[in-house]
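Could you build all of it, start to finish, from the sequences and the hints given here?
One-letter residues, chain by chain:
There are 2 protein chains.
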Amino acid sequence: MDNATITVEFLPSGKTVKAVKGSALLDIAESAGIHIGIPCGGKGRCGKCKVVFEEGAPDSTPTEEDTLTEADIAQGYRLGCQTHVGADAVVYVPDGVQGAKILTIGTARVIPFKPAITKRFVKIPEPTVHDQRSDLTRVLTAFELSERVACDLAAAQKLSKEMREDGYGLTGVFSGGVPIAFEGGDTTSDCYGVAFDIGTTTIAAYLLDLNTGKQQSVAASVNPQNRVGDDVISRINHTMQESGGLAELQSLVIAEMNRLVETLCHGAEISADSVYEAAVAGNTCMMHLFMGINPIHLAQAPYVPAVSAAMYISARDVGLKISEFGRIHALPCIAGYVGADTVAVILATDMYEDDRLTLAVDIGTNGEIALGSQKRMLACSTAAGPAFEGAHIKHGMRAASGAIDAVWFDECELKYTTIGGAEPVGICGSGLLDAISCLINAGIIESSGRIVDSEEIPEEYSHLRSKLVLGERGNEFILAEKEYTSISEPVVITQRDVREIQLAKGAIAAGIQTLMDNMGVTADDLDRVVLAGAFGNYVRKESAINVGMLPNVPISKLHSVGNAAGEGAKLALISTDARGDADCIADRIEYVELTTDPGFQDRFAEALMFGED
Amino acid sequence: MDNATITVEFLPSGKTVKAVKGSALLDIAESAGIHIGIPCGGKGRCGKCKVVFEEGAPDSTPTEEDTLTEADIAQGYRLGCQTHVGADAVVYVPDGVQGAKILTIGTARVIPFKPAITKRFVKIPEPTVHDQRSDLTRVLTAFELSERVACDLAAAQKLSKEMREDGYGLTGVFSGGVPIAFEGGDTTSDCYGVAFDIGTTTIAAYLLDLNTGKQQSVAASVNPQNRVGDDVISRINHTMQESGGLAELQSLVIAEMNRLVETLCHGAEISADSVYEAAVAGNTCMMHLFMGINPIHLAQAPYVPAVSAAMYISARDVGLKISEFGRIHALPCIAGYVGADTVAVILATDMYEDDRLTLAVDIGTNGEIALGSQKRMLACSTAAGPAFEGAHIKHGMRAASGAIDAVWFDECELKYTTIGGAEPVGICGSGLLDAISCLINAGIIESSGRIVDSEEIPEEYSHLRSKLVLGERGNEFILAEKEYTSISEPVVITQRDVREIQLAKGAIAAGIQTLMDNMGVTADDLDRVVLAGAFGNYVRKESAINVGMLPNVPISKLHSVGNAAGEGAKLALISTDARGDADCIADRIEYVELTTDPGFQDRFAEALMFGED
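Listed in order, the protein sequences are those of chains A and B. Under our numbering, the first residue of the first sequence carries the number 1, and numbering increases by one thereafter. Under our numbering, the first residue of the second sequence carries the number 1, and numbering increases by one thereafter.
Hints are not guaranteed to be accurate.
What the hints assert, rightly or not - Pulled from the structure, derived: some chain A residues nowhere near chain B, Cβ distances all over 12 Å:
| # | residue |
| --- | --- |
| 1 | R164 |
| 2 | G169 |
| 3 | L378 |
| 4 | G520 |
| 5 | I545 |
| 6 | L608 |
To be verified - To be clear about the criterion: a stretch of chain A counts as covered by chain B if any three or more of its residues have a C-beta under 8 Å from a C-beta of chain B, and this derived list gives those stretches:
| # | region |
| --- | --- |
| 7 | 157-163 |
| 8 | 228-237 |
| 9 | 341-349 |
| 10 | 589-599 |
To be verified - Derived DSS-like pairs (lysine-lysine); straight-line CA-CA distance at most 27 Å:
| # | chain 1 | residue 1 | chain 2 | residue 2 |
| --- | --- | --- | --- | --- |
| 11 | B | K161 | B | K48 |
| 12 | A | K158 | B | K321 |
| 13 | B | K161 | B | K123 |
| 14 | B | K158 | A | K321 |
| 15 | B | K48 | B | K15 |
| 16 | B | K415 | B | K541 |
Hints are computed from structural coordinates only; laboratory data are not their basis. C-beta atoms are modelled at their ideal positions from N, C-alpha and C, and glycine is treated no differently.
Below, the structure is given as structure tokens:
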């Protein structure tokens with residue numbers, strides 16, 4: 001009975017999945033590709049993950065009875081983070097609950113739990129006329145530390161008051177054993193950290209309990225620097241062209257990080273004063289901007305970062321509103337376009353300690369690629385461009401409500417789904433790759449990338465001939481007819497769209513091939529191919545291989561690991577071992593500069609094709 | 001001929017001293033007890049030490065010809081810092097040139113020259129497409145440092161620009177080997193530090209060249225915190241009674257320190273941006289206030305400091321306007337009333353490494369006393385009160401123009417001098433002690449402290465009977481008759497004045513006796529008695545012994561060492577060895593709390609007497 005299978009249909013998308021009876025709704029939804037946001041970290045407190053069981057509502061839990069009204073419960077409302085599904089069900093997941101499809105749940109490796117931040121409570125012997133040691137000496141001695149240990153001035157300034165606030169019971173907050181704050185009374189149970197992954201487009205943030213390593217809440221938002229441009233180059237240009245541009249971009253990202261900290265803390269019902277450290281990953285440019293370090297030399301050959309090593313900084317030095325005594329650990333970068341996010345991905349996937357050969361690909365505006373094992377590691381960055389994020393694509397869009405995100409043949413019938421089940425508005429990266437893969441398979445796109453003329457479509461797919469129309473600039477394939485879309489035109493894939501995707505996937509494929517050639521291996525030698533990041537999570541693996549973006553490996557070797565960069569940042573937050581590993585990764589990895597690699601251009605030209613001609 | 005002696009008379013005081021022909025005027029003046037201020041450090045640039053030779057003007061030097069006008073030179077104007085005296089001379093030293101009689105020249109021991117701050121210049125290899133290391137990694141490697149070394153964020157933020165500013169020639173500024181700043185080009189010759197001694201009343205500051213250890217300029221000023229009260233307790237009360245009082249007192253002292261830095265740098269013609277470190281000594285309360293640490297527990301038993309260990313802080317964290325990357329080393333304190341200034345005195349006198357037994361006494365509002373040798377060290381603090389600074393004394397005043405600063409018998413005739421040779425305005429500490437000593441010797445003050453009645457004055461001094469008058473509260477001795485003073489009354493010493501001095505000198509003597517008893521030694525065991533601070537420098541040693549303030553040792557064992565606290569701060573500035581020694585001193589020294597010492601009250605009662613009854 002425990003292994004009995006149930007069927008759960010999610011509305012409004014209509015996606016239906018099988019699940020083991022009694023599974024958590026969160027897991028079932030995830031398996032359907034539906035991400036239910038849980039701002040409070042799954043504690044059942046915030047009520048923001050409220051879903052409606054239209055059929056098969058399970059019994060309400062005591063937590064749900066606390067958080068929801070009786071009327072809600074009677075109507076089938078349940079908390080997404082609390083409910084387990086015991087029978088076939090139909091569940092409506094409101095759009096707001098799904099939120100933006102930004103990845104905040106990844107895969108994490110096991111690493112010793114050794115946070116840099118620790119707390120200890122001690123009773124301090126009261127000063128008397130026979131024991132006139134200074135407060136600080138008294139306290140350091142009680143914590144079994146040398147009086148010579150460098151105590152932060154800010155901590156020293158508050159020590160005397162805190163020490164006397166709760167009858168000489170005092171909690172010390174330590175960073176790598178050095179006291180950074182003192183708090184009256186026993187506050188050891190309140191000890192948190194935040195991990196950030198600062199992307200050019202989105203910022204993901206995770207609140208972790210530094211006593212347990214457990215995630216408390218998750219939040220993500222759009223990087224507000226996008227107001228000066230979508231890509232890294234436009235951000236760098238802004239710092240060069242505008243006086244105060246660097247400070248402006250820094251304060252934009254810091255302000256957003258502060259909002260995320262607020263959201264995280266509100267969700268978990270804790271005070272930001274109990275957050276003592278932030279671990280930050282991001283691409284090299286984002287790391288520079290966040291630290292207020294000018295990134296201009298990233299924009300011109302030889303593309304060197306100002307800073308690549310890990311940095312330890314005071315939260316107050318950059319204005320991050322965690323504890324006033326808080327620290328920031330900025331993960332190391334590898335090169336101008338292989339950043340701390342790639343280091344974090346490598347950290348999270350453990351590939352640097354594994355004897356298996358792993359290829360890790362993180363596709364965003366730039367495709368960062370790492371190849372290696374414990375023996376040797378290579379990395380490069382390819383300018384994939386923003387096509388997968390919808391830019392320069394006629395109906396391209398981000399992975400948001402109404403985006404066609406999956407396309408497949410059901411027999412010979414072309415089917416698609418949209419995010420949120422809405423009427424199509426456009427097509428996002430995963431849908432685009434699916435569609436092109438299907439059209440290749442149907443002979444509608446040739447290996448050269450040309451969209452055939454209507455009459456060239458094979459007989460088997462002759463019913464699709466009506467979908468091929470001549471647009472302004474060549475043939476277009478209609479994916480969704482005008483009457484089914486919520487825009488006043490059909491959603492199409494144009495010849496130019498195919499060319500954009502060819503360039504993007506070609507850059508990635510050529511980058512991968514260059515690393516494999518540099519290491520002297522072929523696709524057959526790969527033990528694992530790991531896809532990181534949002535796109536890597538949502539793309540259909542078969543399509544990615546079929547269009548030739550990824551090497552032709554068995555699907556079983558291909559793993560989507562979600563926001564591995566965020567996972568890596570979390571590891572750095574909860575483990576100084578991981579920080580040491582990150583330093584080693586950044587030191588050890590060999591960066592391959594594609595612009596000067598002798599074979600890259602040839603590989604790129606070859607990789608533009610869809611399969612053998 | 002070289003050893004010929006000349007006579008130099010100083011006006012307006014009329015003090016006349018003998019000197020070796022050709023001596024520097026500065027030295028001759030110093031031997032006459034006249035301190036000529038040299039804001040530019042004796043470079044002959046600022047012109048502020050201008051004196052007038054009324055007779056015997058030496059030839060002008062080229063420097064003088066640059067700085068002074070021809071007319072000035074013709075009139076006998078010379079620069080105090082430049083001129084050497086080759087013949088008998090009469091020199092007028094204007095009041096402004098003498099400035100406040102604040103000690104800024106002390107005695108210094110020899111200690112290895114090892115400043116914490118060092119500079120190094122390197123040529124950085126230019127980045128190329130074949131060497132894409134980050135700027136920071138490139139620079140750290142060029143400086144033969146590990147990439148893991150913690151680089152200050154502020155330094156990292158400016159690195160890229162500085163590195164490219166002068167063709168990849170870069171100067172690194174290091175604190176204990178850790179980079180704190182980078183400067184384009186070779187700036188190694190500009191490397192300075194400032195030593196501060198923050199007293200309750202005055203602040204002394206010294207600019208040192210950290211390449212050579214040489215003093216560049218000296219400045220001193222009144223601690224502006226005196227607007228809320230003259231003593232430590234009134235400062236502490238202010239922090240308790242006024243909201244924002246602590247911040248106010250901190251910003252007062254920091255603002256004054258900033259003015260002193262400006263003066264020092266202006267005098268030496270350097271930029272404050274080239275001052276990378278400050279070493280700060282001061283009494284415990286002043287150290288707290290300067291660091292923004294609340295001193296309230298110093299005001300109530302058991303009088304514990306919040307912080308006693310040495311602190312390393314960022315100049316910008318307290319707003320000290322040296323280099324924006326600058327550091328501060330705050331010397332350690334010993335106890336609530338034995339501060340970093342005492343540690344600095346011990347450091348400067350070397351008594352902690354000497355096998356001779358040294359007694360060091362620093363008399364201000366509190367008398368800090370240290371006794372010991374390399375074997376063992378004791379320290380205590382006595383509440384001497386402000387009598388020696390002129391407070392609670394009828395005609396008491398600070399050591400400023402018009403103060404009677406020396407009193408002696410010429411045959412049986414009582415003589416005095418005043419500071420600046422002006423008509424008497426009052427009497428300062430050294431004059432008071434001299435006068436009382438003389439009156440004891442003349443039988444006019446009894447060992448009990450009672451001023452005798454006119455008829456009790458011994459025959460030998462019967463001509464002084466007219467000086468004894470009955471004041472409002474008992475007998476008074478007229479030191480300067482009304483017609484010779486510039487106040488409309490005579491300058492007198494009252495019975496109450498004598499009582500105040502008894503209490504003050506008794507406290508110091510009892511403190512000394514308590515330390516000697518604790519160590520099991522007597523006055524005969526003392527190898528050296530060292531008097532630190534302004535009062536210790538100006539007091540006549542014979543008088544200090546005669547009134548019983550100091551133990552009865554041969555005068556040859558008694559040494560005035562000037563502002564030894566400032567000297568100690570300078571040592572800490574130019575030698576990390578000295579810092580280590582200071583930490584050891586603070587750790588090793590045994591603090592004796594007089595308020596609970598069983599024998600202190602008896603010793604105090606005994607020490608109130610002037611000699612044996």
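Tell me whether the statement that chain B covers the region 157-163 of chain A is true, taking a Cβ distance below 8 Å and needing three residues at minimum. holds (count 4)
Consistency of the no-contact label for L608 (chain A), given chain B and a CB cut of 12 Å: holds (25 Å)
Taking beta carbons only, do three or more residues of the region 228-237 of chain A come closer than 8 Å to chain B? Result for this restraint: violated, n = 0.
Is the hinted pair K158 (chain B) and K321 (chain A) satisfied, with a Cα-Cα distance of at most 27 Å? OK: K158 (chain B) and K321 (chain A) at ~24 Å, within 27 Å.
Find the nearest Cβ of chain B to the Cβ of I545 (chain A) and say whether that gap is larger than 12 Å. holds (32 Å)
Hinted pair, alpha-carbon criterion (27 Å max): K158 (chain A), K321 (chain B). Please report holds or violated. Measuring from Cα to Cα gives roughly 24 Å; hence the hint holds.
Is it the case that G520 (chain A) keeps its Cβ farther than 12 Å from each residue Cβ in chain B? holds (21 Å)
Distal placement of R164 (chain A) relative to chain B, Cβ over 12 Å: Its Cβ does come within 12 Å of chain B, the nearest being 8 Å, so this is violated.
Would the hint linking K48 (chain B) and K15 (chain B) be met if the CA-CA limit is 27 Å? holds (22 Å)
CA of K161 (chain B) to CA of K48 (chain B), is that 27 Å or under? Roughly 40 Å separates the two Cα atoms, so the pair is violated.
Taking 12 Å as the cut and beta carbons as the points, is G169 (chain A) off the interface with chain B? holds (18 Å)
Verify the proposed pairing of K415 (chain B) with K541 (chain B), using a straight-line Cα cut of 27 Å. Distance of about 17 Å is within 27 Å: holds.
Hint violations for this structure: numbers 1, 8, 9 and 11, all remaining hints satisfied.
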